[in-house]
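S.K.: Protein sequence lines correspond, in order, to chains Y and B. Our numbering puts the last residue of the first sequence at 714; the count rises by one with no breaks. Our numbering puts the last residue of the second sequence at 542; the count rises by one with no breaks.
None of these hints come from the bench; they were simulated from the model. C-beta: ideal position from N, C-alpha, C; glycine also. Heads up, a few of these hints could be off.
Derived lysine-lysine pairs resembling DSS-like cross-links, with alpha carbons at most 30 Å apart [unchecked claim]:
| no. | chain 1 | residue 1 | chain 2 | residue 2 |
| --- | --- | --- | --- | --- |
| 1 | B | K378 | Y | K372 |
| 2 | B | K487 | Y | K703 |
| 3 | B | K487 | Y | K569 |
Some, not all, of what chain B presents toward chain Y, calculated at C-beta under 8 Å [as the list claims (entries may be wrong)]:
| no. | residue |
| --- | --- |
| 4 | R173 |
| 5 | G213 |
| 6 | H267 |
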Amino acid sequence: MKSFYTLFIFAFLSAALSPLLAQTGAQLDSIDEMMDSIYRLSDVTVTSARLNKEIIPPQRLEGKELERLNSLSVADAIRFFSGVQIKDYGGVGGIKTVNIRSMGSEQMGVYYNGIQLGNAQNGQVDLGKFSLENIDEIALYNGQKSNIFQSAREFGSAGSIYLNSRRPKFAEGRDLHLRASMKAGSFYLINPSVLMEYKFNDELSLSLNAEMVSSDGRYKFRYRRVTPSGELAYDTTAVRENGDVNAVRVEAGLQHYYSNTGFWKFHAYYYNSERGVPGAIVNNVWRRGERLWDRNSFVQATFQDEFFDRWSLRVNAKYAFDYTRYVNNDDKLIHVDNIYKQREAYLSVANKYSIFNWWDVSLSYDFQWNGLEEYMDVSRTSHWLAAATAMNLYDHVKLQASVLGTFINEEARERDEVPDKYKVTPGFFASYKPWREIGLTFNAFYKQAYRYPTFNDLYYTDMGNAYLRPELSVQHDVGVEYRIDRSAGLFRLFEIKADYYYNRVKDKIIAYPKGQQFRWTMLNLGLVKINGVDVSSQLSLAFGRDWMLTGKLQYTYQTAIDVTDPSDTYYGDQIPYIPWHSGSAIAMLTWRNYALNYSFIYVGERYNQQENIMYNYTQPWYTHDLSLSGAWRVRGVTLKATAEINNLLSQDYDVILNYPMPKRNYRFSFVVEY
Amino acid sequence: MLMRVLRYIAFAVAAVLLACACREDEIVVPTEYEPLPIPVRSEEDFAPGEPIGMYLLNEGNMGSNKASIDYVDFVNGYYVRSIYTERNSTVVKELGDVGNDIQVYGGRLYAVINCSHKVEVMDARTCRRIGQVDIPNCRYIRFSRDKAYVSSYVGPVSIDPDAQLGAVFEVDTASLSVTREVTVGYQPDELEVLGEYIYVANSGGYRLPNYDYTVSVVERYGMKQVEKIPVGLNLHRIRKDKYGRLWVTSRGDYERVSSKLHLLERKSSVSKDMVVTDTLDIQCSEFVIQGDSMYFYSVAWNSQTETNDVAYGIIDIRTKELLTRSFITDGTQEEIKVPYGIAVNPYNGDIYVTDAKNYVSSGVLHCYGRDGVKKWSVRTGDIPAHMAFVYR
Chain Y
41 MKSFYTLFIF AFLSAALSPL LAQTGAQLDS IDEMMDSIYR LSDVTVTSAR LNKEIIPPQR
101 LEGKELERLN SLSVADAIRF FSGVQIKDYG GVGGIKTVNI RSMGSEQMGV YYNGIQLGNA
161 QNGQVDLGKF SLENIDEIAL YNGQKSNIFQ SAREFGSAGS IYLNSRRPKF AEGRDLHLRA
221 SMKAGSFYLI NPSVLMEYKF NDELSLSLNA EMVSSDGRYK FRYRRVTPSG ELAYDTTAVR
281 ENGDVNAVRV EAGLQHYYSN TGFWKFHAYY YNSERGVPGA IVNNVWRRGE RLWDRNSFVQ
341 ATFQDEFFDR WSLRVNAKYA FDYTRYVNND DKLIHVDNIY KQREAYLSVA NKYSIFNWWD
401 VSLSYDFQWN GLEEYMDVSR TSHWLAAATA MNLYDHVKLQ ASVLGTFINE EARERDEVPD
461 KYKVTPGFFA SYKPWREIGL TFNAFYKQAY RYPTFNDLYY TDMGNAYLRP ELSVQHDVGV
521 EYRIDRSAGL FRLFEIKADY YYNRVKDKII AYPKGQQFRW TMLNLGLVKI NGVDVSSQLS
581 LAFGRDWMLT GKLQYTYQTA IDVTDPSDTY YGDQIPYIPW HSGSAIAMLT WRNYALNYSF
641 IYVGERYNQQ ENIMYNYTQP WYTHDLSLSG AWRVRGVTLK ATAEINNLLS QDYDVILNYP
701 MPKRNYRFSF VVEY
Chain B
151 MLMRVLRYIA FAVAAVLLAC ACREDEIVVP TEYEPLPIPV RSEEDFAPGE PIGMYLLNEG
211 NMGSNKASID YVDFVNGYYV RSIYTERNST VVKELGDVGN DIQVYGGRLY AVINCSHKVE
271 VMDARTCRRI GQVDIPNCRY IRFSRDKAYV SSYVGPVSID PDAQLGAVFE VDTASLSVTR
331 EVTVGYQPDE LEVLGEYIYV ANSGGYRLPN YDYTVSVVER YGMKQVEKIP VGLNLHRIRK
391 DKYGRLWVTS RGDYERVSSK LHLLERKSSV SKDMVVTDTL DIQCSEFVIQ GDSMYFYSVA
451 WNSQTETNDV AYGIIDIRTK ELLTRSFITD GTQEEIKVPY GIAVNPYNGD IYVTDAKNYV
511 SSGVLHCYGR DGVKKWSVRT GDIPAHMAFV YR
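Next comes chain Y alone, as it looks inside the complex:
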């Protein structure tokens, strides 16, 4: 035990681990098995989507690991992935968007249970709105999911995030699973949720989940500045105002796994919120009066089965309606009261045919209709057609090639004729595993992806440009992965992955000034070259009596250079808000039913505008989070309690200039499960 502290502190400086390596760890069951035995869970379902031939595995956070991270929303959890930059405007209700490998948030596809979440208006999905409460797994794929049995749209994003909601789990001999949780913490956060899962029979089950989040969003922040000679210039602490949020989420799922290969699922989602938009903190303005109401609802259904041993079919359908109302009540500004209504209808058919057991081909077609009403009247019909093939040569070489055709037709009721747009984009993925016994894998991919101009880009009042071309990103990636997985001994799991990538974003859609008075237009002007290295590693150790330590480390180095026009003063400069260095570290220590989790996030220096000059310099930020949790079982009921401290050292930082982030804050949660 003496070396335990050393181990904890220097988990990532493995030099310090050397003396430990000589020790022989006690033969123990892994904590996960233990936890499972406590919960006594067993899966009813047989099919597992993940057994498919994924050529390049994603970065993944799931189950208990996800639970233990100090995260409230999906955005908080995604910070732990490498190659990801997050824009966080602060607080529970603040907008949180991500982009991967500097390609822009609009290039990211976010999939909820396999179907893309859309925002045709501005192309961005606010991940702060997605609670982790009902999410069982988050997976991040660079390029696309390298599994050919997918909908055509899934071949289209430059990067993809998959959010998979909980699949019903029942204790043996029970038909009902109940779970109630309550989270509370700083900023008057109150976050109760209930989950009910009911099993009609071994095939058919129902789940219902409801959650409420409420917070006044008031938090202290501090601006402290010194003069160049080191004297204190000013030091002021204020309270963030108008950052309150009230949201309700209700989800229902019905799933029928009727055979080893076939199932259908139905899912309904409803989210309703009201929030304040806290806005930028600038001189003489400490409070703003913008309010935002969001109502997002969708229903989606999936059917999948296999026929004649060789042909697999999946059908997805979705209908979504989003309502947004934006009001500016600030009496110092021009009054604004806008309503946006977006509708989306989506249908997808994916087919996979196994020619041999080592060679698959697939063909999928997607149709989508998007309509925007009230503020702008515009609609878009999109068709995607994708063909792909995948091969597995003796488990050594896996190959995949795909080609996607996209056809977009638009109708803008208030503007001029809009040209139709179509594009064909290829993708190639390969992995090579030289030895079957040694977990060493090499992989590479090449992919083109288009980002279609959003409704805002095209038609936003006085700013849109109906003649925009799609933005093209070309990705090249080579990577290597080494993995050891053992069920006994001191070392349980060791994994290291490294990727080098080179991306080019061409015809980047940027806002360009038309002249005086901040009148802008959208143009295909930008050209950005991105070079980067992502490294991630994971190590699990089992030692002592029932102790288990898991460490995860992620690091990204990247340059994202604007090479649009040599006459620009920012030619060759790093694009805004992309740090050269960023990374995260997680250490999880578990003993029986108790777990201590420590996480660290680092985002290095960066610039808040295009020019890399001192006036635009933004300091690095890094936060330390800590959580402690315990689980107990009392007469068939499982209780779980967690205490979290976030931003342990109370760092005063801005992720986005003039949007201060909270200082140290706390969160407590209590879960009862039957």
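Guided by the hints, dock chain B onto chain Y, whose structure is given.
M.R.: Quick look at chain B alone, frame taken from chain Y:
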């Protein structure tokens, strides 16, 4: 094998940790002194009507809080970038968000900071802060008889929240407090004091496509709007000349109706009423009158070429004739992407033109001689726009 791998990782981690910087104390926005290619002179050598310096207000992009004041020091031959933060380092969150106008009056420097809803008042010689006047959504400032008049986009709250009229605030320069307020047209921009009246150019810029087209006439004694003169679509600038006339620019609707230059004169030599006597079909974004010459430029978006059409010129204000299509004679106007401000040194005739470039990066201040030949250029803050001279 594993040990070796671990050791490599340790090295890599250590290297990365060394490469990653830690946070340091945040420093107030730094000030830079850049020498200019102009002779260093003693302040005593400056004539009374010769400016010893020029302040330049950089607007900064909305939400960036990057409004800043630069200073061209004609005495010591320096360009001082961000002088405000050096002289006023204790002001929380610096100068503010979106500077919109800067003027010198009575030994004081007044900067109108639009999105910080204030007029910052400083000593004109030292740039040290004296105080501020809170005025919501303030736009431009003019002075007369120890009173400042500030136009604002927001007047009193109206019944229809989407049809809010603008206002002009009267500020007592001694007490730095608002004394009176008058409601004018929609989104008033520049204003001018001429005799007993204040003339306000109403834009209606937020009411597209129903732009305002009037100049509000405010009687100064009673602070009452007495008349609205129809002039042209979407008004912006309004300046008097030495003949007691008013030159007004209209922005047009950026599509069918182009920007124009309008002239207002008294109806007759005995009448107080101003009427539009001429409209020149010359696009004009900003101008400055020096003697009988009006130096102007225009920036207009050309949707065919997807570029800005930029033009420069000089107009003889007596004959209203266009004298030349360029006051920059050495061809260096090609360096300017988006001209965004103009000033003429009243003593030696030097012309100053600012370039706002793409509005989200630092701009450039260019200085041209009276002959139109470039003398020097210097990097400014973001969106350099408004200039004011200081004298001995």
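S.K.: For each hint, tell me whether it holds in the structure or not.
M.R.: Hints, verified against the model:
Our distance criterion of 30 Å between C-alpha atoms is met by K378 (chain B) and K372 (chain Y), whose separation comes to about 24 Å. At most 30 Å may separate the alpha-carbon atoms for a hinted pair to count; K487 (chain B) and K703 (chain Y) exceed this at roughly 43 Å. A distance of roughly 24 Å separates the Cα atoms of K487 (chain B) and K569 (chain Y); the hinted pair therefore holds under the 30 Å criterion. Hint status for R173 (chain B): holds, given a least beta-carbon distance of 5 Å to chain Y, under 8 Å.
A distance limit of 8 Å between C-beta atoms decides the matter here; for G213 (chain B) the minimum to chain Y is near 4 Å, and the interface restraint holds. Because the beta carbon of H267 (chain B) sits about 5 Å from the nearest beta carbon in chain Y, less than 8 Å, this interface hint is met.
In this structure, the one hint that does not hold is number 2.
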